[in-house]
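On the provided structure of chain A, position chains B and C as indicated by the hints.
Sequence order for the protein chains is A, B and C.
Each residue of the first sequence is one higher than the one before, starting from 1 at the first, in the working numbering.
Each residue of the second sequence is one higher than the one before, starting from 1 at the first, in the working numbering.
Each residue of the third sequence is one higher than the one before, starting from 1 at the first, in the working numbering.
Don't take each hint at face value.
[To be verified] Some chain A residues judged to face chain B by a derived CB distance under 7 Å, without partners named:
(1) Pro65
(2) Gly117
(3) His118
(4) Ala121
(5) Ala123
(6) Val126
(7) Pro151
(8) Phe164
(9) Val301
(10) Leu304
[To be verified] Take a look, some chain C residues computed to stay more than 12 Å from chain A by CB distance:
(11) Gly169
(12) Ser172
(13) His197
Hints listed in this document are in silico derivations from the structure and should not be mistaken for laboratory results.
Bear in mind that the values here come from a model prediction, so they are computed numbers and not experimental data.
Beta carbons are placed, not taken as given, at the ideal position from N, Cα and C, and that holds for glycine.
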Amino acid sequence: MSNPAMAALHTAARRDLGLACLLFALMALPPFVADTYILRLGTTMLMYAVLALSWNFIGGMAGYPSFATAAFFGLGAYAGGVAQKFGIGMWLAWGFAGLLALLFAAALGLALLRLRGHYFAIASLVVAEVLREIINSATDLTGGGMGLNLPLRTGQSVEQQADFFYWTMLGLAAVAMAATLAVQHGRLGFGLRCIQQNESAADMLGVNTTATKTSAFALSAVFTGIAGAIYASWVNYIEPPDVFDVLYSVKPIVMVLLGGAGSAFGPIIGAGVFLGLEEIVWRRFLEVHSGVLGLLIVLLVLFLPRGLAGIARRRARGHTP
Amino acid sequence: MLYLQVLLNGLVLGGLFACIAAGFSLVWGVLNVINILHGSFIVLGAYAAWYGHALWGIHPFVSILLVAPLFFALGYAIQSGLLNRVIAAPVLLTLTLTFGLDLMLSNAMLAAFKADFRKLVLDPPLGVLSLGNIVLPVDRLAAMALALLLTLLLYLVLSRSRTGRAIVAVRMDREAASLMGVNVYRTYAITFGLGALMAGVAGPLIAMIFPISPLTGPVYLGKAFVVCVLGGLGSVPGAMVGGLVLGVVESFAALWFGPEHAVTVAFALLIAMLVFRPTGLLGRKGYE
Amino acid sequence: MTPLLELRAVSRRFGGLAAVNNVSLSVKAGEIIGLIGPNGAGKTTLVNVITGVHPASSGSVLFNGRDVTRCAPWQAARAGIGRTFQIVQPFPELTVVENVAAAALFAGGASSIRNARTQALEHLDFVGLGDFAERSASALTLAMRKRLELAKGLAMRPRLLLLDEVNAGLNSSEINQALELIQAIAARGITILIIEHLMKVVTSLCSRVVVLHHGELIAEGEPQSVMRDPKVIQAYLGKRYAAQTTGAPHG
Numbered sequence: 001m002s003n004p005a006m007a008a009l010h011t012a013a014r015r016d017l018g019l020a021c022l023l024f025a026l027m028a029l030p031p032f033v034a035d036t037y038i039l040r041l042g043t044t045m046l047m048y049a050v051l052a053l054s055w056n057f058i059g060g061m062a063g064y065p066s067f068a069t070a071a072f073f074g075l076g077a078y079a080g081g082v083a084q085k086f087g088i089g090m091w092l093a094w095g096f097a098g099l100l101a102l103l104f105a106a107a108l109g110l111a112l113l114r115l116r117g118h119y120f121a122i123a124s125l126v127v128a129e130v131l132r133e134i135i136n137s138a139t140d141l142t143g144g145g146m147g148l149n150l151p152l153r154t155g156q157s158v159e160q161q162a163d164f165f166y167w168t169m170l171g172l173a174a175v176a177m178a179a180t181l182a183v184q185h186g187r188l189g190f191g192l193r194c195i196q197q198n199e200s201a202a203d204m205l206g207v208n209t210t211a212t213k214t215s216a217f218a219l220s221a222v223f224t225g226i227a228g229a230i231y232a233s234w235v236n237y238i239e240p241p242d243v244f245d246v247l248y249s250v251k252p253i254v255m256v257l258l259g260g261a262g263s264a265f266g267p268i269i270g271a272g273v274f275l276g277l278e279e280i281v282w283r284r285f286l287e288v289h290s291g292v293l294g295l296l297i298v299l300l301v302l303f304l305p306r307g308l309a310g311i312a313r314r315r316a317r318g319h320t321p
Numbered sequence: 001m002l003y004l005q006v007l008l009n010g011l012v013l014g015g016l017f018a019c020i021a022a023g024f025s026l027v028w029g030v031l032n033v034i035n036i037l038h039g040s041f042i043v044l045g046a047y048a049a050w051y052g053h054a055l056w057g058i059h060p061f062v063s064i065l066l067v068a069p070l071f072f073a074l075g076y077a078i079q080s081g082l083l084n085r086v087i088a089a090p091v092l093l094t095l096t097l098t099f100g101l102d103l104m105l106s107n108a109m110l111a112a113f114k115a116d117f118r119k120l121v122l123d124p125p126l127g128v129l130s131l132g133n134i135v136l137p138v139d140r141l142a143a144m145a146l147a148l149l150l151t152l153l154l155y156l157v158l159s160r161s162r163t164g165r166a167i168v169a170v171r172m173d174r175e176a177a178s179l180m181g182v183n184v185y186r187t188y189a190i191t192f193g194l195g196a197l198m199a200g201v202a203g204p205l206i207a208m209i210f211p212i213s214p215l216t217g218p219v220y221l222g223k224a225f226v227v228c229v230l231g232g233l234g235s236v237p238g239a240m241v242g243g244l245v246l247g248v249v250e251s252f253a254a255l256w257f258g259p260e261h262a263v264t265v266a267f268a269l270l271i272a273m274l275v276f277r278p279t280g281l282l283g284r285k286g287y288e
Numbered sequence: 001m002t003p004l005l006e007l008r009a010v011s012r013r014f015g016g017l018a019a020v021n022n023v024s025l026s027v028k029a030g031e032i033i034g035l036i037g038p039n040g041a042g043k044t045t046l047v048n049v050i051t052g053v054h055p056a057s058s059g060s061v062l063f064n065g066r067d068v069t070r071c072a073p074w075q076a077a078r079a080g081i082g083r084t085f086q087i088v089q090p091f092p093e094l095t096v097v098e099n100v101a102a103a104a105l106f107a108g109g110a111s112s113i114r115n116a117r118t119q120a121l122e123h124l125d126f127v128g129l130g131d132f133a134e135r136s137a138s139a140l141t142l143a144m145r146k147r148l149e150l151a152k153g154l155a156m157r158p159r160l161l162l163l164d165e166v167n168a169g170l171n172s173s174e175i176n177q178a179l180e181l182i183q184a185i186a187a188r189g190i191t192i193l194i195i196e197h198l199m200k201v202v203t204s205l206c207s208r209v210v211v212l213h214h215g216e217l218i219a220e221g222e223p224q225s226v227m228r229d230p231k232v233i234q235a236y237l238g239k240r241y242a243a244q245t246t247g248a249p250h251g
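Excised from the complex, chain A in its bound form (with noise of 0.2 Å):
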C-alpha cells in the first residue's frame, strides 16, 4: 500500500525531469534551421515562458495573486543598463539585474506579503508604476523619460546576434525551469502548497511562512530581472513606459492560466499557445489586438479557469499531482 505511493513519487520527478530535457533539446533545434523572424519570435516565447514560470512560483504555488512581474522586469532592464552605460560587462550586469531583483524583492515582501487577496494584489500592482515614476525621474542615471541606449554589440552578424539571444533565453528559460522541478519536488514546493491551501493551519504545523513566502516572491523576481536585463540588451533601446507596461504582469498570469497551474510545464505550454495567438492576432487585427487580448482573457476565465492542463487532468480521471 506504501510503496507504490513513493514510488510514484519518484517516478513522478523523474518523468518531469526527463520531459523537460526533451522539450529543452528541441527548442535548441530553430537557431540551426529557422530565420531570423522565426527566432526573433522564439525569443520572444522564451522570454515569455521564463516571465510565466517566474511568476508560478509566487502565483501558481503560493497562491499569492503577484502583480509585480513588471516591476522586476523594469528594474531588471534598468539595472543591466545602467550598469552597463557604467562600463560593467554585458554578462556581469545581467547578473547584478538577477541580484538587484532579487533583493528588491525580498525587501518588498517583508512589507507586502503580510497582505492577502486582494490588497496584496493592488499593492503589487502599485509598486511598478512607483517604479517608473522613480525611474523616469532620475533622468541623469536612467535617462529618463528620454529613455536609455545601450551599448551596441560589435563583430556579430545579425543572424548571428539573433542566435545569440535565442540562445541565452532559452538557457535562462531552462535555469527557470530547473528551479521550478527543484522546488516543486522539495521541501519548499511542499510549503508553498500548504500555504496556498491553508495558510494558519500551515503555520501552525512548522512551516515557517514568512521565510517560505518570500523566498517564493524572490524567485519570483530573480529570473524576471534578468529576463529584464537581456531583452534590453537585445533591443537596445528601453524607456519607462516600455519596460514597466502593466501587461507584462498581466500576460505572464494568462499564459499560466491558459496552461495551467498545477504542473512545471503549464507556464511553458500557456507561453507558447500564448505567443502563437499573439502573433495571429497581431497579423490580422492591429488596431483592435489589445481588444481580442480582452476576448481571450474573458472566454479563459469564463470557461478554462484551470487551463488546457486542466482539461488534460480531468480526463486523467482521480490522479492527484
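Coordinates of chains B and C only, in the frame set by chain A:
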C-alpha cells in the same frame, strides 16, 4: 494664503474623487470584486456627455440624468451575464476577468473616439468665484457640488430604501441575508449596476473640468483604488473621507513636488496605508 | 524537576476584554490534564496563547524551561508543542498522507519528504486511517477527520500535545475509540492537555483537572473533587443550583 487656496482646490477635487470612488468601493465591498472597468465606465460617460453637448447641445448636468439609467442597465447586464459565473472564484480570476473586459472596452473606445484629448467647453463659460485672494472656478465648484450630491443620494439609497438595505445586508453577511429572503444574485446585479451608474454619472462632471481621452481610464481607476484604501471598503462615508483626503494630498503634493509627481505621491501613500493600516482611516474592516 | 509547561500569570486581552486573566499553571511531563469550563471561558484562547497564535498580553509561557511567550506558531510547533483543532482544518486538496507528512516534515523534524511520508504512514496506521492514505483529505467523514487531526498532531513529534475538543460531534462508540487512542498516545510518553466538555472523558483520562471561567482559573485538582467544588458548579449551573446542591444560603 497660498495654502488656503491649495487646500480649497484639494477639497473641490476631493469631492469629485469621492463620487468617482463611491461606486467602485461599493462593488468591491459587497461583491468582493475589483472592477477594472470602472475607469473606462467613467471615460465612456464623459464621452456620452461630450457627444451630447457637441451634437445636440445637451448640458452636462442634464446628461447626468440621461446617462444614469443607461449605465445602470449596462452594469446590471454585465454582472448577471458574466461576473455571476465567477463570483465565488478566487481573487485572481475575477481581477483578470474584469481586466480582460476593460481591455475590450478601452480598445473599442480608442477605435471609436481616437486617442486625442477633447474638452467640453461650455458656452457661455461659468466664470470664477473670487473671495478675496482665493479664486475658485465655478464649473469646478458646480461639479464638486453635484458630485457630493450624487454621493449623498447613493448613501440615502443604501440606508433608506429596501434594496439598499438588502445590499448592506449582503455585504455584512451573505449567508444570513440569503436566509432572510434576500435574492443575493439579484442584489449583486443591482449593486454592480449602481457602481456602473456612479461611474457613468461621474463622467459628465469630469468632462466639464478635465480634457478627456480613452487613455485616461487608468488614471481614474488609480484614484478610485487610493480612495478605497484610504477610506475603507464598501462605505460611502469612507469614500467621502478618502476622496477629500486624496484631493488635499494631491493638491499639496503638486505644490511641493510638482504636478507630475502628484500621482506617484498618492500611490506611495496607498502602499503605506496598505502596509500600516489596511482597514483605512475610518478603521472599518474591509474584505480580503 | 522542572515542569514541562509553565504558565506564569498569563493574560490575553482583546481590546478591553480579558479573554484569559492571570492564569498560572504548571504541567509535569507525563501528565494528562483536562481543561474544562463553560463555553466562552477562554480555553481555546489559552491554547492559542501557548502555541503562539496570540501573544500573551502579560505574563510568560515557559516550555521545558525555555521562554516561548513571543514565539510564532511555527516555532512553537518545532519546539515540541503540538495541537489539534476544534474545527478541523485539513489541507483540502492534499491527500491524507500528504497532510500528515507536512506535519512530520515541518514540525516533526523529518529529514526528507520521503522520510516524512514513511512516518506519516506509520502515524496513519496508528490512528486507523492507513487505508485512506491516498484519498483526498476533503473526502473524509467527521470522525475520520478527527483522527486525521490526531495523526497530524502525532507527526509533529510533540512532547506536549494540546487536544482541543477532539470528541465534539462524535457518537458514543467513536468517542470510546478516541479515548483508547489518546491513552495509547499517552503511553508513548507524550504529555497531554485536553480541552473537553464530556465529563466521562475527563474522569477516565485525566489525573488532574483545571477549570477556567471568564478567563480565570477557578479550580484545580483531581477530577472528582473539582466537580464537587461549589465554585465550579456555580460556574456551570449558576448560583441557585450551586446553593441547592451544597446547602449554602444564596441571596
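Provide an ascending list of the numbers of those earlier hints which the structure does not satisfy. 7, 8, 10
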